[in-house]
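Chains Z and U supply the protein sequences, listed in that same order. Be aware that the first sequence starts at 1, since it is given in the numbering used here, and climbs by one per residue. Be aware that the second sequence starts at 1001, since it is given in the numbering used here, and climbs by one per residue.
Note that these hints are calculated values from the structure, not bench results. Glycine is no exception: its CB is placed at the ideal position from the N, C-alpha and C atoms. Certain hints may be false.
Label pairs and their in silico Cβ distance ranges [stated by the list, open to error]:
hint	chain 1	residue 1	chain 2	residue 2	range
1	Z	126	U	1008	20 to 26 Å
2	Z	126	U	1106	35 to 41 Å
3	Z	130	U	1128	45 to 51 Å
4	U	1313	Z	126	41 to 47 Å
5	U	1021	Z	172	45 to 51 Å
Heads up, incomplete: computed chain U residues facing chain Z, CB under 10 Å, no partners named [said to hold, decoys possible]:
hint	residue
6	1085
7	1086
8	1100
9	1103
10	1146
Dumping the calculated BS3-like pairs for lysine-lysine here, alpha-carbon to alpha-carbon at most 25 Å [said to hold, decoys possible]:
hint	chain 1	residue 1	chain 2	residue 2
11	U	1093	Z	203
12	U	1115	U	1104
13	Z	203	U	1130
14	Z	203	U	1101
15	U	1104	Z	203
16	U	1219	U	1245
17	U	1130	Z	293
18	U	1177	U	1167
19	Z	289	U	1130
20	Z	126	U	1017
21	U	1107	Z	203
22	U	1255	U	1219
23	Z	126	U	1020
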Amino acid sequence: MTNSQNNSSVVDPRGPKPRKIMSRRNIILYGTLLVVAIYYLIPLYVMIVTSLKGMPEIRLGNIFSPPVEVTFEPWIKAWAQACTGLNCDGLSRGFWNSVKITIPSVFVSIAIASINGYALANWRFKGANLFFTILIFGAFIPYQIMIYPLVILLRDLGIYTKLPGLILIHSIFGMPILTLLFRNYFTTIPEELFKAARVDGAKFWGIYFRVMMPMSLPIFVVAIIMQVTGIWNDFLFGVIYTKPDTYPMTVQLNNIVNSVQGVKEYNVNMAATLLTGLVPLTVYFVSGKLFVKGITAGAVKG
Amino acid sequence: MNSIEINNLSLNFGDVKVLKDLNLSVNKGEFLVLLGASGCGKSTLLNCIAGLLEINDGQIYINNQNVTWFEPSERGIGMVFQSYALYPQMSVKGNLSFSLKNAKLSKDEIEKRVKHASEILQIESLLDRKPAALSGGQRQRVAIGRALVRDVEVFLFDEPLSNLDAKLRTELRVEIKRLHQKLDNTMIYVTHDQIEAMTLADRIAIMRDGLIQQLDTPKIIYSNPVNKYVAGFIGSPGMNFLKGKILQDGKPIFKLEGGWCESPDLSNYKFQETIKVEKEVWLGIRPESVVVGGEAENMPVNFNLEIEVFEPMGADTLVWSQIGGQEFRFMVDVNTSINVGGTLTVGFDPAHASIFDLESEERL
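Using the sequences and the hints given, assemble the complete structure.
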């Protein structure tokens, strides 16, 4: 008792409280995080090393060992030579198809959805609530229900199995969730700002382009990421609404990996899979910070 | 000439009637303050005048032009908001010139007007900054500037000082008053702060439940409130209300409920109507009009009170006490020696009191 009192009088606490780095809390926290991180990274590691090995090395069966002889042959083959059906020009065609599908779909869906969200949040027109309810309802209908009717619709429009058809489908299916996202974000922008712009003589489009849009970069980034990854990774619509010439990358990847003839070229399959996943991965890495900011900003109000 | 004229304005939010058949006219160059507790419809009324809310019925004239169906930008108004509402991505200059660009004015004219406004408000050195790099006071100045550049007849202020700290609020309050004297525009100013209302206004409109209770000069509202609500709202600390009856004893006298040795003679009070005997009333006395000590003895009514609590407020001390079980507050000079449990001689003049009907709470 006297001892501790002495101590406290000698070392008079002052300034920030000292913290132990190797406290039990830190060890448990960082230990858990480390284990989880390794757990998620192992498959990626296996894919990368396998894609850099030759077939003889793979047949040894040691999937965790790094490649003895690094070869980029499987990557080249996956990109330019792998066969799907009759075509033997690799994933490159699928890649360009996917690019041609993704860019216009992302652009169209975000352009329309952001204007929808803006109109719903700021211009309370008659029937806005009904419109919004219908839209939300749309977000919860399983896609599978609409597949066949849409086939007929696209056929009648004459764009079935063509790229514009798939672009249209993606743009429409992105609409409910994106509109919700934008509406929720725009309602967080103070209403007085909108009022001030109206007093200042800005009209519907003026307020959208000059006041709302410049303030909404984070949510646009979120929308772009959601749409790019969603549309790029889509398989169902790709396989239904296109034909071999217009297959997006994911469908082509599936055809390469799941081909039943010949030897299973694991290294080529791994390289092809990595190539396909590269686009969404890049998008995440480039926009990480903005993404987090936008996600939290859009989630505040309902 | 009327700058603003509002006829039979009604506005509903769904089933809720926010403004009910409201009439108001504002003279040219007048500073009118809309005062009321939150939810009384004062900001809503301002938004209706600005055209930011669609009204359900009635007409609005600005400068003798019926603007009821006009867009906000076409009404000849400038508006300043509580949250400043500056466009965050634009510089101060961009904020000031936004409306002028929308109106498609020439570059020279824009330049000229921005310069003029920023000189008046002393924000020339801030023109290239973004709103985020400004202090609260500077932001509100830019917001006022945004209304100023538009060269409009009517300025609308929606609680412009509520987001500022107390010191800055007093400073900007004076500045707004100066601005009004210099520009001579019509200004309508919404606030819940009675001090702002009293200091700025040519006339105050006190609102409650979507109705204007009293519209008059600050002086008259203070001295002759039309009902108990207005009387209680204006003045700090609030008016004392003593419940009792008016009796006739050759002259009208006030008899306190709960018993009191005094029965103030009301013959000098200017009743607005002849009073029935035994009418139940509130007798309202402002704490400031109560005097103590020697002065009290010269008052028509004077009596002794026991001190319960006192609150020193700098120049004055607010004393809490009771008369016949009813709360009674009054101000004494800070140098008066007082202690809890002690007694003071206090007095007031019933001629300067306010008397309200107990039921209707209207002034009698």
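So which of those numbered hints doesn't the model satisfy? As far as the earlier hints go, 4, 16, 22 are violated by this structure, in ascending order.
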